[in-house]
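Number of protein chains: 4
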Amino acid sequence: MIIVMKKQATEKQLTEVIRWIESLGFKAHPSHGVERTIIGVIGDERGKEGIRQAEFLEGVEKTIPILKPYKLASRESHEGNTVISVGTIEIGGPDFVVMAGPCAVESEEQLMESAYIVKKGGAQILRGGAYKPRTSPYSFQGMEEEGLKLLEQVRTRVGLPTITEVINPADVDLVESYVDILQIGARNVQNFPLLKKVGRSRRPVLLKRGMMTTIEELLMSAEYILSSGNPNVMLCERGIRTFETATRNTLDISAVPVLKSLTHLPVIVDPSHAAGQWQYVIPLSRAAVAVGADGILVEMHPTPEKAVSDGAQSLKPEKFYQLMEEIKTLSSAIKH
Amino acid sequence: MIIVMKKQATEKQLTEVIRWIESLGFKAHPSHGVERTIIGVIGDERGKEGIRQAEFLEGVEKTIPILKPYKLASRESHEGNTVISVGTIEIGGPDFVVMAGPCAVESEEQLMESAYIVKKGGAQILRGGAYKPRTSPYSFQGMEEEGLKLLEQVRTRVGLPTITEVINPADVDLVESYVDILQIGARNVQNFPLLKKVGRSRRPVLLKRGMMTTIEELLMSAEYILSSGNPNVMLCERGIRTFETATRNTLDISAVPVLKSLTHLPVIVDPSHAAGQWQYVIPLSRAAVAVGADGILVEMHPTPEKAVSDGAQSLKPEKFYQLMEEIKTLSSAIKH
Amino acid sequence: MIIVMKKQATEKQLTEVIRWIESLGFKAHPSHGVERTIIGVIGDERGKEGIRQAEFLEGVEKTIPILKPYKLASRESHEGNTVISVGTIEIGGPDFVVMAGPCAVESEEQLMESAYIVKKGGAQILRGGAYKPRTSPYSFQGMEEEGLKLLEQVRTRVGLPTITEVINPADVDLVESYVDILQIGARNVQNFPLLKKVGRSRRPVLLKRGMMTTIEELLMSAEYILSSGNPNVMLCERGIRTFETATRNTLDISAVPVLKSLTHLPVIVDPSHAAGQWQYVIPLSRAAVAVGADGILVEMHPTPEKAVSDGAQSLKPEKFYQLMEEIKTLSSAIKH
Amino acid sequence: MIIVMKKQATEKQLTEVIRWIESLGFKAHPSHGVERTIIGVIGDERGKEGIRQAEFLEGVEKTIPILKPYKLASRESHEGNTVISVGTIEIGGPDFVVMAGPCAVESEEQLMESAYIVKKGGAQILRGGAYKPRTSPYSFQGMEEEGLKLLEQVRTRVGLPTITEVINPADVDLVESYVDILQIGARNVQNFPLLKKVGRSRRPVLLKRGMMTTIEELLMSAEYILSSGNPNVMLCERGIRTFETATRNTLDISAVPVLKSLTHLPVIVDPSHAAGQWQYVIPLSRAAVAVGADGILVEMHPTPEKAVSDGAQSLKPEKFYQLMEEIKTLSSAIKH
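Here the protein sequences come in this chain order: X, D, V and P. Those letters in the first sequence? Residues 1 to 336, by this note's numbering. Those letters in the second sequence? Residues 1 to 336, by this note's numbering. Those letters in the third sequence? Residues 1 to 336, by this note's numbering. Those letters in the fourth sequence? Residues 1 to 336, by this note's numbering.
In short, the hints are calculated from the structure, not lab data. Warning: the hint list may mix true and false statements.
[Unchecked claim] The list that follows gives simulated cross-link-like pairs (lysine-lysine, BS3-like), each with its CA atoms no further than 30 Å apart: (1) K68(X) with K7(D); (2) K335(V) with K328(X); (3) K27(P) with K68(X); (4) K306(P) with K7(V); (5) K319(X) with K68(V); (6) K68(V) with K120(V); (7) K149(P) with K196(V).
[To be verified] Derived CB-CB ranges, DEER-like: (8) K335(D) with E76(X): 54 to 62 Å; (9) R75(D) with E305(P): 23 to 31 Å; (10) S107(P) with E145(V): 42 to 50 Å; (11) A170(D) with T303(P): 53 to 61 Å; (12) E11(D) with S107(X): 31 to 39 Å.
For glycine and all other residues, C-beta sits at the position ideal for the given N, C-alpha and C.
Please work from the sequences and hints to get the whole structure.
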């Protein structure tokens, strides 16, 4: 960390700040500039935020952290990329992975039909929500355990691994007994009891970035899961909230190469929630392949006009097949 | 709701849309404009989002909701303002209420000293966190039940009602057995299992707006609590996330009069988290009084430079006393 | 436009609102819902904002516009896509166009060397700034007319059309006498005297989206140029300002398909200003190709570490050659 | 400035970076931490951005500026507060100043009536736009010189100094011959030719913060005016663009104390454009007084429902009188 002294700071104030730094077990390394003195604080500041209180001392203008606050999630802590195995599927490896299916599990028929289309299109993983975090208490809240049971049945019958969202720490044990991948939604990216709980799960976790979460905060949330013992975390960019309203959220496509440079964890893109309109899902998925993501999480519904939630952003089957074709073309162009 | 047809929509498409609207139990009222036909959908659309799927029908350009999606939180549903009683204190009534204290409960000494200062300054309620939602897993996570016990002791000894944050539905019963007001933090504003749980509590709830939450979404989160049976909800503006970095967040002071016009619930301002720096807490608190808020939630620490969290935004005791003086002056000027 | 009446609006208020609508030459079409009456205002509301004052009448809750406020820029007003010819180059046609070069013209040597690399790499247009809008008055403000002369020399010697920024209406005549395409920068997207002036130019205009400009506002700014008589406008997405600081701005990649659906004008992506760091320019350029943009505007400098501005986001020559190779591969994959 | 080396940077890379720093005339002061070496760059980095190119050198992770990039605008460069005299009125002194009037000058009658109300209410300065920067080319663009002439007539007849917006450098000489204060609007906050031009004017300048402008950028724009020779600059907070749509923009009330701590220039608040709805103008004006602003710029129209622009955010005369009363009460409460 660096402490920047005020222009008019006195020698005595400087001495006090140095004494204080040393009292916390750090070394102080002052540097006298033309206008200001700065002090390098030497030592590992992570987890010792007491040092930020330096801003309270007389003569101090501000503090500037130097080290990134995450460790296990950082590229420096891990050789190569994390590759997560789900059955025979590898996420974070050379193949682009598509997780597709309806927003919500609605019925056996709807889920079976979805799974059949997902498999026929060549996608690797089936998605479907049993617990739905909805803005309104009057909206459909999901089929809950009934939905989980359907997911398990379909997994067995169609032979596709499944991913579903969990929203309450108390449900994690139940959910992980039915599905292959646990999803933490955007609204729960800083639900720390939930992160700690899935950190003790044996299932891989897909962690969505929140609408107003910085990339650094996302990595800190991943750090909660990793430091609780679960190494199989994949990150998901799903659009951030900005002033623009032409799309539901603004897909931060740059987050993919930024994350790739900062962390060894796989990076997935969710074009459906970012766009909020199915028309934009195919071009955004192409962009996800081209920019270097490891996969996408995409909403497809056999009959979107009848969907109980998020119909407007779900692909119809024929559009989904078109998407899968385009992804194959682009993926192989990029590899060669 | 209004359905706007595309410019080139055919008569047949219009007929199909109208048939579809009627099949959902609504009435359709088309209006033929110069460039476009619009259809008024007559009926209560709340909770029946199926109607939004109209965007999927041929010839439809977009849908526009007319009714506000919340009911119990809306001013129209409730005569006058909600006034919440906590002991002899009334929140939402004529008096401006100050809830003050340290970010985190750290020790008996620290809490007792804080409570003494809070009371001496004339504030009505003591705040202090026992469960701390921290960005980093390596930061102090709170004293948990130990902290709750200290809050209860101090409440008894000093005679101040208390408010503390709860972050896990599983802890609500425990927390409400120790304190007077439950706080839902910014990061949990859309933690729906938690909202439902505090909605079944007998304690008043202070619901903080999230960094990324619109005013409408905040009211929808209040609606979760209200519709679960707890009528005693107060809303708290604590700064939203914007591009500006000179302050930790951007205090949306306009949210106070906007909320006052939309809802009957009390509105509290948290200047400490909004600013992130103690220097700005006093002017922002004055603004909160002047703009018409019902109270503030403010961080004060006997020795901020030793605080385990948020020291930089905590007022020292002498600044806290100054704040209380300025609030009294302003409050009485506004009343007369 | 639609006028939404308040829940408690009286019959008399409704009558007054209707009379007022008719006094402005519109027809009123009321629709009585369960909770509210809405009034369809029939007639072309564009340019007649007086109608928005309806919000001032007794009993009115709000007004909702239905028509898009732009005409000439809208897809509905123009068959097919606008293709802009610059010499033998076509922008908006089947070929992906690359405009590359240094941020600022610095010297004859620097510009000649840049032009040689741009041409060798296979890009079609040379960029270089002679007037630099800089945040600080103490920063290099550009070579001005001297720089324009160099652009013209290089154009002749190397045989590449050129694009440069203009920042003052008083300079437009001079600038258009030296270069092929006029650029309006992000900070001038709502500099209306400048837009009107380039609207009377015979040169094509590249209009950059501002950091905080909505897509609709961008199209309204294009409408200023189009309605002043210049039909050759291309739009440029260059990143918007959000809370995320890992990149200089957030590239709104979704803006490309959104613009493609709303307007017939070509859409260009500027990955350099969006990212602010050269490391991310190649993946973002790939995403621009894949998402369906018509071209990119990219910063390349022969020796970025010596650049007088924006060095950190400029590609070195070898990275630029790599970029051009990757674009070729992707473009042909997408076409087939 | 501080240069942070990468964790794995070699000794040789460090030596090269130091040599490079020294070649630019700065001194290098390395500090070897546990994980990273940082280098303090000693010397005045302002205006010498070449130093930022350090990010291009091998082994460098990032650069961190320490000095604020503005000089003349900073509190450190000027003893006490700048007080701007306009006739007998002082802006930035002990009195709270109100500048009020219609958005646009529409006719002699409208302006005279407005001026009479403004004066009767006790406001000190009359506002009125002659050049209107409008999002749409089809909207009323202002009366231009005709409007300036009306402003001058009214100034003489009613005895109120005037403020009006200027949007083109070519108009500055004309405008300053008719009015007392030049206003730079939000959309022109980084129109650098315009800033330089008003920097050579003898009239005081009110500089509005842009919707997308950080506080630091606003101060840099003030620096353009100050460094061009005009010391009479006042800053105006008028709301920033955020994700919240309940108000037209989000009034960043914290910007007032932040600016007060950073600069000696007067700070004005424009509650009308921030809110976009007249209902919120009075509470926001009260907040402006309480937070410590030097004045407000507020829209008032004799008959808002007939205004050619911004009627919805203009106060009616009786509301304006109420506002003036409330401001007087609050101002005197704060002083005592």
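Each hint, compared with the structure:
no.	hint	result
1	K68(X) with K7(D)	violated (53 Å)
2	K335(V) with K328(X)	holds (14 Å)
3	K27(P) with K68(X)	holds (27 Å)
4	K306(P) with K7(V)	holds (25 Å)
5	K319(X) with K68(V)	holds (28 Å)
6	K68(V) with K120(V)	violated (44 Å)
7	K149(P) with K196(V)	holds (24 Å)
8	K335(D) with E76(X): 54 to 62 Å	holds (59 Å)
9	R75(D) with E305(P): 23 to 31 Å	holds (25 Å)
10	S107(P) with E145(V): 42 to 50 Å	holds (44 Å)
11	A170(D) with T303(P): 53 to 61 Å	holds (60 Å)
12	E11(D) with S107(X): 31 to 39 Å	holds (35 Å)
When the structure is compared with the earlier hints, violations turn up for hints 1, 6 and for no others.
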